[in-house]
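Each chain, letter by letter, is given below.
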Amino acid sequence: MEGSYRRIIRAVLTRRDGAFAALLLVSIILACLSAPLYAALNGIDPFSSDIAGTTVRNGRSVDLMQPNDNPLHLGLSPIGPDWRPGPYALGADSQGRDVAARVLYGGRNSLLIAAASATVCLCLAACIGICAGYFGGWIDLILSRILDMLWAIPVYLFAISLSVVTVGHGIRLGPVTIGADNLLIPIGIIALVYVPYAARPLRARALSLSQAGFVMAARGMGASDWRILWREILPGLTPTMAVLAPLVMALCMLAESALSFLSLGVQAPAASWGTIIQDGEGLLYTRPVVAIAPGVAIVLTVLALNVLGNALRDQLDPKGGA
Amino acid sequence: MIRSLASRTGQMLLVIFGISVLVFCIFFATPGADPTARIAGRGASPQVVARIRAEYGFDRPLPVQYAKMMEKLFISRDLTSFVNHGQRVVPEVLQAAPVTLSLVLWAAFFWGSGSLVFGIASAVLRDSWVDRLLMVLGLIGLSMPVFWLGEVVNLVTQSRWHDTFLFRWVPPLGYVPFSQSPFGWAKALFLPSLTLAVSFIGLYARVLRSELLTAMGEDSIRTARAKGAGPVRVWLWHGLRLSWLSYVSLFGLDFAQLLGGGALLTEVVFAMPGVGRLTYQALATLDLPLIMATVMYAAVFVVIANALVDGLYALLDPRIMEGRHGR
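So the sequences go chain by chain: U and D.
1 is the number of the first residue of the first sequence in the numbering used here; add one for each residue after it.
1 is the number of the first residue of the second sequence in the numbering used here; add one for each residue after it.
Just so you have them, the derived chain U footprint on chain D, three or more residues with Cβ under 8 Å:
{"no.": "1", "segment": "16 to 23"}
{"no.": "2", "segment": "294 to 306"}
Derived DEER-like restraints, expressed as beta-carbon distance ranges:
{"no.": "3", "chain 1": "U", "residue 1": "L13", "chain 2": "D", "residue 2": "G10", "range": "48 to 58 Å"}
{"no.": "4", "chain 1": "D", "residue 1": "D127", "chain 2": "U", "residue 2": "I51", "range": "53 to 63 Å"}
{"no.": "5", "chain 1": "U", "residue 1": "C123", "chain 2": "D", "residue 2": "G10", "range": "28 to 38 Å"}
{"no.": "6", "chain 1": "U", "residue 1": "N58", "chain 2": "D", "residue 2": "A121", "range": "46 to 56 Å"}
{"no.": "7", "chain 1": "D", "residue 1": "D127", "chain 2": "U", "residue 2": "C123", "range": "36 to 46 Å"}
{"no.": "8", "chain 1": "U", "residue 1": "V62", "chain 2": "D", "residue 2": "L137", "range": "35 to 45 Å"}
{"no.": "9", "chain 1": "D", "residue 1": "P231", "chain 2": "U", "residue 2": "N182", "range": "54 to 64 Å"}
By construction, these hints were calculated from the structure, which means they are not laboratory data.
Heads up, the beta-carbon is just placed ideally off N, CA and C, and yes, glycines get one too.
Kindly generate the complete structure, drawing on both the sequences and the hints.
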């Protein structure tokens, strides 16, 4: 088993698209992990506003908030990008915070939420898929109907409904209290709304595995349901889950950015790529880089995940799928 | 035939009932929160709170509350938004619906035609540089958050290049009703619907390409070729006929999801006063009755649309009805 996984990983990494996507993803993750390094090297705090601050450009000290270009010099705009390594490489946002640092720190939240919610989503989907596919009968009927129901609510509306009742209030379940700005809330919500998406293929796979010869053989030898599920069905599901993992993570990342854009995801002063795009909306025509930079980060990450997912699928199942 | 129809309708009603219970529970039965206070909004007077409690029956058991809410939503249609000065919710939603419908119709036109052209082109030119380029572009389209793409489009067409000949025609953000000016309506919807369509063009072109390539291996195609059908007839007539079923059913589902609120982010970015933007504005004031109403209507709409697509599917492909071919 171990050997075959190593072979598949090697096969994906030797494809040109797979290697490119993996490299892109690893560099994005490393860049985001090194966010504190960037902040420390340049001596900036990306979480507190600094409207009266100054920075150094071309050897001179300049204000972070510059008068506008209009003839009367009315109003202030944050300093623009200078595209050179150093503090305020991508300029400042309307609070005078370093955009580059915020994108790096925001990426940590975006990646963390996407990865965690994809993991939770796949675990839930695997449980549901295995129960429905293996036990069949009325269990399958009930679970499938519930999935149909969840699937009928447009994904983003579902996520918004769940967010609007939890964000800002928090969740109190008996002794457990989850604060209003806890990342567990967006993670749980995003994981939940994509369960139907992941559970369907897993259920189909579990169904076909439960009728396979080796499962019949195990049952004939008197193996218990638990043993069959644990030792026969679950290992058979891992390739499907491996293909789904990057694709679900890509969807989760897009959903997280949308929720944060609507102020229903990550709460200030913490950042994610979605909240930074929202911060940049007001500055769109004067300092577009504030909104564009985090968007480019999202596109690159989601693209890498999609390419990786497709490459994995081609390797594991050369005939199927779009 | 009639029995199958009846059982489908029964299942559909069951799913609608389940969804309505679920949505009701999300909004008004979440643990640790008083729904009355939420409907009343922040800083409501005790009299208002008491009135709401009596009107919605929040002092009575949950099933009664559920029944009252459904009556207000679907039968008497007089659900009132308290945050928004007693505005009736249902007419408000119905008023915004034509905007969303126009937007999604245009988007469907773009993504239908775009994905047909790109999908067929890359299937015919399989493994050439055109195919590879189109598929990479499709994947990039799939990977873009639609609200971000909308902002970039706004930046280019409203600000940076607005005074060049390319985008001089772009009207300011907002919606123009068809009855007021058909041409203005089309102009106002062109860029928003194209933005909304981009990710779907990418997805559908990929789906169509792989379906077409699978279809090309079928016996009927070989027969058609042997009978002397030209490449145009083979791809467009025989090929599409084999691969359009899954394409069309996917199309129906996504169309319904978009109408039901999936276009929210596009409407927000382009300031289109549709159902999605209404929901968005309700988020800011925590106007729960309105949000619940849009979610409920959307879900019911999607279920009915799904059932229609299923029915259409069964009519067009009798094998499904007989249950011989489990596709």
